[in-house]
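First to last, the protein sequences are chains A, B and C. Under the working numbering, the residues of the first sequence are numbered 1 to 320, in order. Under the working numbering, the residues of the second sequence are numbered 1 to 320, in order. Under the working numbering, the residues of the third sequence are numbered 1 to 320, in order.
Be aware that a few hints might be false.
Simulated crosslink set (DSS-like; lysine-lysine; CA at most 25 Å straight-line) [stated by the list, open to error]:
| no. | chain 1 | residue 1 | chain 2 | residue 2 |
| --- | --- | --- | --- | --- |
| 1 | B | Lys49 | C | Lys49 |
| 2 | C | Lys268 | C | Lys255 |
| 3 | C | Lys48 | B | Lys49 |
| 4 | B | Lys163 | B | Lys263 |
| 5 | C | Lys263 | C | Lys163 |
| 6 | C | Lys163 | C | Lys255 |
| 7 | A | Lys49 | A | Lys163 |
| 8 | B | Lys268 | B | Lys255 |
| 9 | A | Lys255 | A | Lys268 |
| 10 | A | Lys49 | C | Lys263 |
| 11 | B | Lys163 | B | Lys255 |
| 12 | A | Lys49 | B | Lys49 |
| 13 | A | Lys268 | A | Lys163 |
| 14 | C | Lys49 | A | Lys49 |
These aren't lab readings, by the way, just hints derived from the structure by calculation.
Chain by chain, the residues:
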Amino acid sequence: MLSRRNPQLNAHGELIHLLSTEGLPREVLAQILDTAGTFLSVNEREVKKVPLLRGKSVFNLFFENSTRTRTTFEIAAKRLSADVINLDIARSSTAKGESLLDTIANLSAMHADMFIVRHGESGAPYLIASHCAPHVHVVNAGDGRHAHPTQGLLDMYAIRHYKGDFSQLTVAIVGDIVHSRVARSDIHALTTLGVPEVRVIGPRTLVPGDLRAMGVRVCHDMAEGVSGADVIIMLRLQNERMSGAMLPSAAEFAKTFGLTPEKLALAKADAIVMHPGPINRGVEIDSSVADGRASVILPQVTFGIAVRMAVMSIIAGNEA
Amino acid sequence: MLSRRNPQLNAHGELIHLLSTEGLPREVLAQILDTAGTFLSVNEREVKKVPLLRGKSVFNLFFENSTRTRTTFEIAAKRLSADVINLDIARSSTAKGESLLDTIANLSAMHADMFIVRHGESGAPYLIASHCAPHVHVVNAGDGRHAHPTQGLLDMYAIRHYKGDFSQLTVAIVGDIVHSRVARSDIHALTTLGVPEVRVIGPRTLVPGDLRAMGVRVCHDMAEGVSGADVIIMLRLQNERMSGAMLPSAAEFAKTFGLTPEKLALAKADAIVMHPGPINRGVEIDSSVADGRASVILPQVTFGIAVRMAVMSIIAGNEA
Amino acid sequence: MLSRRNPQLNAHGELIHLLSTEGLPREVLAQILDTAGTFLSVNEREVKKVPLLRGKSVFNLFFENSTRTRTTFEIAAKRLSADVINLDIARSSTAKGESLLDTIANLSAMHADMFIVRHGESGAPYLIASHCAPHVHVVNAGDGRHAHPTQGLLDMYAIRHYKGDFSQLTVAIVGDIVHSRVARSDIHALTTLGVPEVRVIGPRTLVPGDLRAMGVRVCHDMAEGVSGADVIIMLRLQNERMSGAMLPSAAEFAKTFGLTPEKLALAKADAIVMHPGPINRGVEIDSSVADGRASVILPQVTFGIAVRMAVMSIIAGNEA
């Protein structure tokens with residue numbers, strides 16, 4: 001039975017859905033990162049395939065279009081030997097007025113094994129997880145402003161890969177924190193993994209003071225925010241959100257909060273720079289920084305495949 | 001050589017295309033249902049895959065968009081280990097003015113093994129079957145108002161599963177019969193399988209008297225139609241067809257012909273309720289009925305995968 | 001390291017990308033055609049699959065939509081047992097303002113093995129090949145007016161299949177030569193393979209005299225052009241290009257340069273007629289010719305799968 005408090009875990013505390021990094025025990029996070037490490041080598045082999053999900057049917061349910069994220073899950077599932085079915089939801093039965101739960105019930109009846117869900121509404125993957133058949137596992141691939149847990153986990157993988165240990169780190173997250181599901185998933189994972197200082201940096205409209213409730217330090221000054229940081233995570237500036245009267249223009253934002261070599265120089269000498277992509281060169285990040293020696297943006301992408309393989313193989317092996 | 005009278009069968013009476021349930025001998029129907037039964041267990045295994053179509057190329061040719069039906073065929077083909085290629089026909093060469101038969105000739109030249117065809121024009125799959133190379137098999141996934149044979153067959157599977165035997169049954173089909181390829185495929189299969197009473201129920205505009213030529217009883221009264229029925233098949237109300245002056249509105253239709261618990265109570269105590277989906281809750285069917293104990297709507301979906309696997313594996317094994 | 005002069009070959013002269021038929025040594029062309037011959041038999045087997053690209057990730061990057069060409073590559077890759085990922089580029093990150101090279105860097109970081117690139121801009125596949133990771137191979141599936149090398153190669157396969165030897169042939173290419181990447185790829189391959197006479201035929205606006213620099217004979221008279229030809233390659237008339245004041249209308253073009261039985265009679269008695277498809281019946285080619293005994297248009301399609309399998313398997317086996 002699903003626990004009401006943590007629908008991601010079964011009665012034995014094992015991961016059966018990945019909906020959020022919030023509430024995941026440190027051991028589960030560690031298990032995912034450790035497993036991802038083993039898949040990283042699979043991805044470097046001549047034959048990049050293991051039979052762990054052979055004969056399983058994985059459905060990509062992208063209610064919100066995202067070719068990039070969909071592709072990473074499709075690759076991960078295929079390298080686990082799963083059958084992958086991409087549903088073009090925008091053109092399907094939901095458009096004919098069928099409810100989300102009826103769509104899910106139908107796909108479950110086709111003996112689906114896993115749903116990868118991207119949805120514009122926060123909480124949609126929870127709704128699906130709480131209503132689908134017990135043999136079906138759900139992975140949240142981004143829901144509204146709420147969570148993007150595989151992005152959070154791949155960020156943790158990158159940090160552990162380059163920094164080894166979380167317990168002494170200062171991590172700075174810069175940008176539109178309040179609207180960012182990536183920031184939220186990063187913050188929950190970082191605090192669970194024991195990072196002593198997580199800073200969120202941006203203008204007051206995008207980084208309100210009440211974020212402190214998440215256990216982070218709120219900064220409105222970029223120099224202060226990145227000073228002495230071990231890790232800087234730059235968020236993508238969503239241009240379409242920058243239109244409100246109280247928000248800065250993209251150019252204004254870039255000038256104040258964009259990561260330039262000068263601002264990067266305020267961080268630790270061995271600081272790494274991360275970004276969930278796709279990057280806006282010259283807006284939130286200078287090209288010289290994105291392509292520079294501190295940048296681990298492309299390794300993040302590589303780790304992302306391994307982390308998604310890890311998540312899928314772990315949940316597929318655990319029973320509700 | 002294809003027989004002019006029944007292009008679905010080869011000279012030995014074996015199934016080489018599935019174009020319609022009309023004209024299929026009872027033994028062929030029984031073979032499909034029996035084979036589907038064996039695949040039902042495959043779909044419940046850990047590894048839901050058999051190698052029957054390994055190395056075969058199955059093309060989904062959907063000239064009319066239907067994500068749901070396309071998905072069921074894609075899953076069925078992949079569980080048979082086929083390579084599946086989805087063609088986005090609306091954006092392809094046909095849009096460049098290439099004729100249907102030239103498109104088919106080209107795909108045949110790529111050594112296609114099977115075409116799954118959905119088309120807005122009645123008869124298009126016949127045209128394709130009669131012109132494609134002898135090694136290619138065609139499955140009709142719905143053509144105009146004409147036929148939707150795999151839906152008809154999965155309905156037969158459901159009826160046999162729950163009722164055991166066709167020879168004593170009363171089956172009621174309710175809705176827009178005249179425009180429904182599902183109804184047509186069901187009626188042909190039901191009569192071939194020996195169902196003694198098939199009733200079609202709806203307003204005169206949607207259920208004209210000349211349907212009697214198909215061997216069915218025509219009812220314009222819902223209470224009369226469902227009384228004593230063993231099986232009630234509710235059709236989806238196509239709202240877009242409900243605009244004509246002589247047709248009832250959706251609300252009017254729901255009131256008169258929608259399946260409520262009260263109307264269901266007129267059927268046999270152990271009657272089953274079926275629907276091809278997606279359902280319009282509160283229009284042709286009440287939510288309490290759709291989700292109630294008489295409903296076998298979700299099992300229909302499960303049977304649909306097994307039936308499509310059966311059809312594909314049978315026709316792939318028979319030579320023209 | 002990539003040679004600046006021929007980025008398609010490694011230091012040992014082996015093919016690592018297929019970008020153009022221009023500059024490919026005769027031995028490399030022969031290797032591709034010989035290898036394609038072996039795959040032709042694979043495509044006629046019961047199980048049309050070989051494990052040469054098992055565990056490899058092939059990405060279809062179609063910046064310009066072409067269902068037909070995309071399908072041929074998808075089939076070829078799947079018959080080599082590769083995992084194929086189709087990217088709907090028009091809706092992806094490039095639409096969000098990400099640069100082509102950032103998209104490529106990201107896909108490379110996912111451990112892509114091969115990019116199949118269709119792009120509206122001439123040279124885009126070169127740009128990609130010169131910037132992607134060393135383990136990634138690029139196949140040009142058509143770039144602007146520049147090249148369509150797999151079409152050129154399958155044309156060569158067809159000619160060799162029917163004519164045996166290139167050294168005595170007269171090949172006539174008819175149509176809009178100046179805008180045709182197919183014509184360009186054919187001409188380079190034909191001259192490299194030693195065809196003594198290549199004629200290009202069409203109105204002055206579409207077949208300007210400076211094409212002579214490519215080593216071809218320029219004809220503005222259809223009768224003269226096809227007289228005594230062993231091979232006639234008809235190009236598709238791009239109606240959308242026929243709107244300029246100086247260009248003939250489609251009807252006018254058809255009358256003067258369309259291939260009719262009468263004009264075909266001027267060629268050698270055993271001449272073959274080719275076309276890259278999709279054909280415009282009654283415009284550049286009469287139906288009686290397209291479907292007649294001289295036509296090898298459908299065999300071209302069959303050869304195209306084998307040639308693409310050959311190209312992919314050859315480049316995947318060679319290291320940068």
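Comparing the hints with the structure gives:
1. Pair hint B:Lys49 plus C:Lys49 holds up; C-alpha atoms about 17 Å apart against a cutoff of 25 Å.
2. Restraint check: the Cα-Cα separation between C:Lys268 and C:Lys255 comes to about 22 Å, which is no more than 25 Å; the hinted pair holds.
3. For the hint pairing C:Lys48 with B:Lys49, the CA-to-CA distance comes to about 18 Å; that is within 25 Å, so the pair holds.
4. At roughly 21 Å between alpha-carbon atoms, B:Lys163 and B:Lys263 fall within 25 Å of each other, so this suggested pair holds.
5. For the suggested pair C:Lys263 and C:Lys163, the alpha carbons sit about 21 Å apart, so the restraint of at most 25 Å is met.
6. About 29 Å separates the Cα atoms of C:Lys163 and C:Lys255, which puts this hinted pair outside 25 Å; it is violated.
7. Between A:Lys49 and A:Lys163 the alpha-carbon distance is near 29 Å, which puts this suggested pair outside the 25 Å criterion.
8. With a C-alpha separation of about 22 Å, the suggested pair B:Lys268 and B:Lys255 falls inside the 25 Å cut-off, and the hint holds.
9. With a C-alpha separation of about 22 Å, the suggested pair A:Lys255 and A:Lys268 falls inside the 25 Å cut-off, and the hint holds.
10. Using a Cα cut-off of 25 Å, the hinted pair A:Lys49 and C:Lys263 is violated, with the two alpha carbons roughly 55 Å apart.
11. The straight-line distance between the Cα atoms of B:Lys163 and B:Lys255 is roughly 29 Å, outside the 25 Å bound, and the hint therefore fails.
12. For the hint pairing A:Lys49 with B:Lys49, the CA-to-CA distance comes to about 17 Å; that is within 25 Å, so the pair holds.
13. In summary, the hint linking A:Lys268 to A:Lys163 is supported, as the alpha carbons are separated by about 12 Å, within the 25 Å threshold.
14. Proposed proximity of C:Lys49 and A:Lys49 is supported: the alpha carbons are some 17 Å apart, at most 25 Å.
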